[in-house]
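Taken in sequence, the protein lines are chains A and B. Following our numbering, the numbering of the first sequence begins with 1 at its first residue and continues without gaps. Following our numbering, the numbering of the second sequence begins with 1001 at its first residue and continues without gaps.
Hints should not be assumed to be uniformly reliable.
What the hints assert, rightly or not - Covered stretches of chain B (chain A as the covering partner; in silico rule of three or more C-beta atoms under 8 Å from a C-beta of chain A): (1) 1068–1080; (2) 1086–1097.
As the list claims (entries may be wrong) - Derived lysine-lysine pairs resembling BS3-like cross-links, with alpha carbons at most 30 Å apart: (3) A/K10 / B/K1010; (4) B/K1010 / B/K1025; (5) B/K1008 / A/K57; (6) B/K1025 / A/K74; (7) A/K57 / B/K1025; (8) A/K74 / A/K10; (9) A/K57 / A/K10; (10) A/K10 / B/K1008.
Derived by calculation from the structure, the hints in this document are not laboratory data. These figures come from a predicted structure and were not determined experimentally. No residue lacks a Cβ here, since even glycine has one placed at the ideal position from N, Cα and C.
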Amino acid sequence: MIVADLNEIKAMIEAALPGAGVEVIDETGGGDHLRANVRASQFEGLSRIDQHRLVRKAVAERFEDGSIHALSIKTEVP
Amino acid sequence: MAANPELKQKVEEAIRENPVLLFMKGTPDMPRCGFSMRVVAVLEQLGIEYGAIDVLPLLAPLRDVTGEISDWQTFPQLYVNGELVGGCDIVEEMFASGELAGMVGVEQSADAELPETERIVPGGPQQSPPLQID
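Assemble the whole structure, with the sequences as input and the hints as a guide.
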């Protein structure tokens, strides 16, 4: 089973959202249920779902290759 | 993969015809995933009627369909009045803030607490017939 690398996920989100505060946590310890807490000015004015879409787009590859099974997202505007 | 056009049509129809529609893994009586279970619990707490579609029998094709319709490919997905509200995180946040109750036209006390999810009391959902690709 391919397991997502937390640091890589964090880096991918940071790359897509320069300046964002990003925290990626493994919720279960099993590597497949992750949580990303992202705080970014790029979220300003966007609906929650569009904020989530931005984060998901950043890590789309990891969704596609199956290494992320579930990603909980919490977004914030600074 | 391109979405199956017939399935896409059925999904669009379901979204149109149900003011509140949940695409979930399993059924409201028997959710097969923790996130789906939590969304069901929120809807039950609101006490509203909703349609529920079990995506498991057609998981990959449905991901393609919702990918095209809403640019969203994971489940659960909650649609209200024809629009994707989001998955479990967003639903819970909006429930806690009172926004979700507002969207579906329900009165809610100022500080809504997330429902306990140990016991799900059915009553409200109309099980939409299973989607089929002929």
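Is the coverage entry for the segment 1086–1097 of chain B by chain A consistent with the three-residue Cβ rule at 8 Å? Three-residue rule met by the segment 1086–1097 of chain B, so holds; n is 7.
Can you confirm whether the C-alpha distance between A/K74 and A/K10 stays at or below 30 Å? Measuring from Cα to Cα gives roughly 14 Å; hence the hint holds.
Given pair status - A/K57, B/K1008, alpha carbons within 30 Å: holds (22 Å)
Going straight from one Cα to the other, do A/K10 and B/K1010 come out at no more than 30 Å? violated (38 Å)
Straight-line Cα separation of A/K57 and A/K10 no greater than 30 Å? holds (13 Å)
Straight-line Cα separation of B/K1010 and B/K1025 no greater than 30 Å? The given pair, whose Cα atoms are some 18 Å apart, holds under the 30 Å limit.
A/K10 and B/K1008 were given as a pair; does the straight-line alpha-carbon distance stay at or below 30 Å? Violated: A/K10 and B/K1008 sit about 34 Å apart, past 30 Å.
Taking only the CA atoms, is the gap from B/K1025 to A/K74 under or equal to 30 Å? Roughly 22 Å separates the two Cα atoms, so the pair holds.
Would you check the hint for A/K57 and B/K1025, treating anything up to 30 Å between C-alpha atoms as holding? With Cα atoms ~23 Å apart, A/K57 and B/K1025 stay inside 30 Å; holds.
Test coverage of the segment 1068–1080 of chain B by chain A using CB-CB distances below 8 Å; three residues minimum. Since three or more residues must qualify, the claim that chain A covers the segment 1068–1080 of chain B holds, with 4 doing so at under 8 Å.
Hint compliance for this structure: hints 3, 10 are broken, all remaining hints hold.
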